[in-house]
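Undergrad: Chain R: place on chain G using the hints.
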Amino acid sequence: MSIGLNEYMILSTILFSIGLLGAIRRKNLLMLFFATEIMLNAVNIGMAAISKFHGDLTGQMFAFFIIAIAASEVAVGLGLLILWFKRHNTLDLDSLQKMKG
Amino acid sequence: MFEVVAFYLFAILTIAMFIITVMTKNALYALSSLAAGMIFISAFFFLLNADFLGVVQIIVYTGAVMALYAFGMMFFDTISDVKEDIANPRLTFLLTGLIALIIVVMAMAPVIGTVNAYYPIHEAYGNAQDVGLVLFTKYLIPFEVAAVMLLVAMIGGIILAGKKMDYRPATEQDHTHNLKKDEK
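Line by line, the protein sequences give chains G and R.
Numbered by this note's numbering, the letters in the first sequence go through residues 1 to 101 in order.
Numbered by this note's numbering, the letters in the second sequence go through residues 1001 to 1184 in order.
Warning: the hint list may mix true and false statements.
[As the list claims (entries may be wrong)] Chain R regions said to be covered by chain G (calculated; three or more residues, Cβ under 8 Å): (1) 1021–1035; (2) 1044–1051.
[To be verified] Selected chain R positions facing chain G (Cβ under 7 Å, derived; list incomplete): (3) Val1105; (4) Ala1146; (5) Leu1160.
Hints in this document: simulated from the structure, not taken from any laboratory.
Backbone N, C-alpha and C define an ideal beta-carbon position, used for all residues, glycine too.
Bound-form chain R, shown alone:
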């Protein structure tokens, strides 16, 4: 009973939050409601006995990703409304529904049959131990590749965003300096 109530409560909350994110014109509202939705989603992971995944969801999404967006938004114009001119709203909704239906059919078709458990869940271990066991034996190489990918992404992000970060208005001295450089 508790599970049913929790599922529907969090389902409604998550859907409401994400609809606000998609529909609002204010960038700050979108960011806040997205962060709230991420936390509500972690509730589903706890309901599904995926405790470790739920904790990672809270730490990575609301801790790292949302903080990154929040810092990134300091560069953008977030006070004024987002201007968007949608040429044909009805077509947008129709296309969305159609594509979603196709994707669901494509993704769900293999699931309907029976699935053999390659790495079965051990109830006695607890989720975190179980996940660690599989992650560091069967998925060790993908795990390391993911670590390298995160490092590459971090360096890429720093280089991309950090370019010409030391902004100052150009002065006369700079112009003469640049002219001298050109002559050389």
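Chain G with its partners taken away, still in its complex shape:
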């Protein structure tokens, strides 16, 4: 018995679903960012697994770029979050509704 591509894909899917659940369920903006990180990491596992089992380095390359994008996303996102918190004193997602019809 050994671990194949399927097991890694199933794990990646489970982790992605957990992140998606968080992204749908959460109402706090900071927690929403955490859920995004989980989803990005889940995809990274899938990329690395495909890279190994198909003998191709492209998957790892894309995983690197995903990590770079995640890092820059956090920097900008956290800056916006701090700005929002200073202005409105809350991180609740419902407070973003400025225009109510």
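TA: Below, chain R without anything else, positioned relative to chain G:
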């Protein structure tokens, strides 16, 4: 055998950590369990012979991203519980499962066929050398663009978060000063 045990051990640990992150009401618990999950994920990269990726995962995620979150959380109210009112929990779970299924089918359909290796892995080189070789020949321009993007993100983050950082309570002097400025 070792690989199987390690895979299942780390799979269970990672899933448990991320479920805590998603479900907990305390922001600090969420942050700590997320950091733990990130480190456990790097174990999968080591299992997959992607050593360099595993090291980058530890350095970038738990070193940079988590530290950034930790510093960012000093601005927020982290002691009190996160208040969330979910209108329909069952609908949330159903939608999550459905969307995840669609995404998996969409993403996995091309993988099931045979894939031609454009940049094959050389066992003799070792992972770090192999990655460097491909990254600095075939992916040089995306690499440089990513570097510029990181610089832009850094400057953007500093400007966004650093606005009015020197906070002090407004005094009488400020009011008169502002009034004079308005008159001009």
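Undergrad: Run every hint past the structure and note whether it holds.
TA: Consistency of the hints with the structure:
| no. | hint | verdict |
| --- | --- | --- |
| 1 | 1021–1035 | holds (count 6) |
| 2 | 1044–1051 | holds (count 6) |
| 3 | Val1105 | violated (10 Å) |
| 4 | Ala1146 | holds (4 Å) |
| 5 | Leu1160 | holds (3 Å) |
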